[in-house]
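Could you slot chain B onto chain A? The hints should help.
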Amino acid sequence: MIGAQDFSLTPDQLMIQESAAQFLDDRSASAMVRAAMESASGFDASLWTAMSQDLGWTGTHIPEAYGGLDLSFVELTLLLEQMGRRLACSPFFATVVMGATTLMMAADHETKARLLPQIASGELTATVGFGARGVDWDPASVTAVAEPVEGGYRLSGGFRHVPDGSTAALLLLVARLHGEIALFSVNANADGLTAREHANLDRTRRIAHVTLDGVVVDSTSLICRGTSLNDALARVRAMAGIALASEQLGAAQQCLDMTLAYAAERVQFGRPINSFQAVKHRCAEMMVKIEATRSAIYGAARFVTTTPDTASLLLEAACAKTFASEALFFCAQEAIQLHGGVGFTWEYDPHLYFKRAQASSQWFGSPGTLREEVAISLLDAARPVSCQ
Amino acid sequence: MNLAEQDEAFRTEVAQWMRDHLRGKFECLRHRGGAGDEDAFPALRKEWEQELAAGKWTCVGWPQAYGGRGLSVAQQIIFHEEYARAGGPGHIGHLGETLLGPTLIAYGTPSQKARFLPGIVAGTEYWCQGYSEPGAGSDLANVQTRARLDQTTGEWVIDGQKVWTSLAHESQWIFVVARCEPGSQGHKGLIFLLVPLDQPGVEVRPIRQITGSCEFNEVFFDGARTSAENVVGEPGEGWKIAMALLGFERGLSWIGMQMHFEHQLQLVCKAAREAGTDKIPSIRARIADAWMGLKVMHYNTLRTLAGGQDGSLTREGYIIKYYWSNWHRDLGKLALDALGPEGDIFIDDFSRTRLQQVFLFSRSDTIVAGTNEVQLNIIAERALGMPKEMRPQKPTTETRV
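Residue numbers (the numbering used here), protein chains in the order written: chain A, 1 to 388; chain B, 389 to 789.
Just chain B, with the same shape it has in the complex:
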């Protein structure tokens, strides 16, 4: 077999496996669990991830030595495409699989790898991300959560608050960026810690969102503890690890996301035909725009994946976040306009509910992971080389009215 034939054979294998397994009790998971629907069937979706693990379909890009399949980029693309085409549900374990796992493989100690990687591969241990704080959203260098070493027990003790923590209530562990050198500023003096959520010093409070559902949380640390073995990198090097982790958030996960978008656009077309709005010229033009935008997103991702493998962002890489989030927000509005007055009414039909979710939830897309405004600054400064924002030399004195 040549390479193309091998890839096609692999495509057939994935599609067949999905047909054989995404059925029976898992049937109801088709197309569920995407952004805005992340709290759908959590227990069953964890079972599904264990089903995937039994078929060796988790962490497929990881090296075989760590339980992955060591797939080529081309085969990973095929896997994500076929998974999503079959309606494979969103992964509750995606932060472990796409972010923490690769970070531990690159920077973890042998015992950290041995302790944490198998649970991610098996779909038995779930992770959430402790980066954002009320005062440190996109300005991650402003992290205030503190970690201090308790000399008597050798444990790190954590105090502070994280926010926008997706699926913390479904996770057992959180990776936390905290300040370990009192008085340090910016990206200096940070630590990257792996912290168990199930302990007295941790409180997870769900945040009720615009959708009415809760998948983000606030996480409060009040003397929470974790073993000294659970520091990734050296104390004080947290920034390096935190940034490296974000660097793994490239390309491949977008392929899967785009397949969800493709499905949503299919639902929009169906809704327009059923509501008769497919005859309205402006709706037709917007649907065409959505399709073309999706195509561009797909090609843009392939360009990124074809680019330098050294982790540096290429020009097209800089635009991805800004591009997809605006596209998706527009799709949400289009979805409800295509539904017409019916869009205001909730009925028990997921193909409609999904569009209502997209309308609402996509408002967060241009805020999370760097707001539109931050993204444009990044593009201007890093990709176009324009001058950096002027920052005040010292923190300004707070004034109260």
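One chain only, chain A, in its complex shape:
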């Protein structure tokens, strides 16, 4: 059981949260986000260097033995909330949340010892490609194929939605080997690998179509396979979902904060519009959804560290991710509405959050997908209803 005492942030956690907020206020302000969006890589290299090498954020939840800070998943979610709040353009989510967590859950000691310290130090960027469609991580969607060749494997197939796939140096890719799923590490410069960036809606985070055309890798590139990989990736999916929910929470909070600031300044009919009940109630509804989401994430993030049961963790993640996706979408659309005409302009920020809201709602389970997962558990598997 998670008790009330687990919901207080420790002084260290509060400090991490506050210093991250201040750092990103300075280093990922609107103008900087917009500049990064227009750049070729989609992110600000100096911001990435500061986050990874100066502040050590890339090592947050990586064990000390592998060069990390050995903090918990809770600390990671606190950082992500602040990154989401500022739409920080960086390969952090792909590298640390997806890449490092996958290695931590699925790789053997030797592989971890080789790769994780490089991620922790910020030298290596990474991402994960799962299936031919989407970022849902449904095992049925794996269509890439691996076949054994002398000294290794030959990989072929496509991955349509790979976050930061065109800039990541290390790609962790899932393919079918003798019918079961298997995870391979592939270098971005491998012969036969192409990563083509999509023109996408949410320009604060790039997506690539990665294609493997007979890419040959050596046998040490096979990281994990079969049932143990399925189990590991299910857990990573849950953790990534909760992590993404934290980002969404931060973004939703920012939508509310910028709307409150705007509504206090904007005068209509001789009054600031924040004095109208219609406006106040919409802002209050935003806060209700944000705080509900924050509670869902606080609970789910603690669950990661306390509970080994992956099936329960997936339900926690379903809850956090559904609430976060819907809270962010609601807050982003209200931000546009309450900014009035300017809310519809490129110049003001609400559209950046609105686009992030839609794109991120489709990763690691859309609300529709996740609701059905919960329904299967409650109705078909007749899992007892328990909110604890």
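Because the hints were derived from the structure by calculation, they are not lab data. Beta carbons: idealized from backbone N, C-alpha and C, even for Gly. No false leads were slipped in.
A few chain B residues facing chain A, derived, Cβ under 8 Å: (1) Q654; (2) D666; (3) R672; (4) M680; (5) R691; (6) L693; (7) R703; (8) E704; (9) A768; (10) A771.
The following block gives chain B in isolation, referenced to the frame of chain A:
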């Protein structure tokens, strides 16, 4: 034993006690007496509360000096969870236990504590709440019920009307907020009085509700009297006491409420499977939503309980009322949709009747204790710092058509 082991041992103790006692003649009380079912088996439920008292399971969070157990917050959560998991019935005495008792412990005189606390702990004296009036629902500062001191007898004399008084017909005492300074306005000039209900100047009239049952009442005071010793705080300070009392309505009581909700959702899942509506995609999605919402409510309460112990509301604390009441209202509609056409038919099966009650009674959830509209104003003004509603400077002249 470390702390976690002690807590687990305590959990086992509560669960065992409930198994040993909620049986025999009390068996029929399982899961009864929740909101909307408050008039179920009142006499037997009072006996049950005395059974609880004999086991020292009433007022468990109160200091031991006042008959409680002085349990930690963590253990109180465990108690409420295990009580509700075992199907423990709703407490008729919850207003005394969770609201008046803590208020008297904080603000009462020694003789008030000695007179009133033991009856609450023992489950022999029951209390109801005299706050709302026909013209002062959420606008509590508009209280019109009057109290004047009779110099000859030294008693306070009360005239006026209260409304929405839950379980007044099962209670012996009412705590009343009244105006003791004629002409005073707003939160000034109020008094907080403890008044016996069984006297000639008090009339309790049940209000028949949408459910067909009566658990709310109107309470009329026509020269009702109470001793001068029964003023909590000073005359004129009633607002302070009234607000302090509401401040005790935090957190822990929600844990128990959520366990009732959990049981109701279990009934909804069962109803959907039996009616075959569990195959309808929109019903499946709504059931999933209900479960996730319940989980969030639980975590939100734990966040609140982890927050500042100074009584101030944290951000999550502001959303609780609005959140749970909307959740529960949605559950009521979902319950009947899951039952399908059977939801229209009353049969002698409490698992169905309960869902019908929830459907109807949950319509009051978004009205009582501050309507949705008032809650959103509170969130906007107090939590988000937005400007207050513009109020007229003077009462407007009444116009009649």
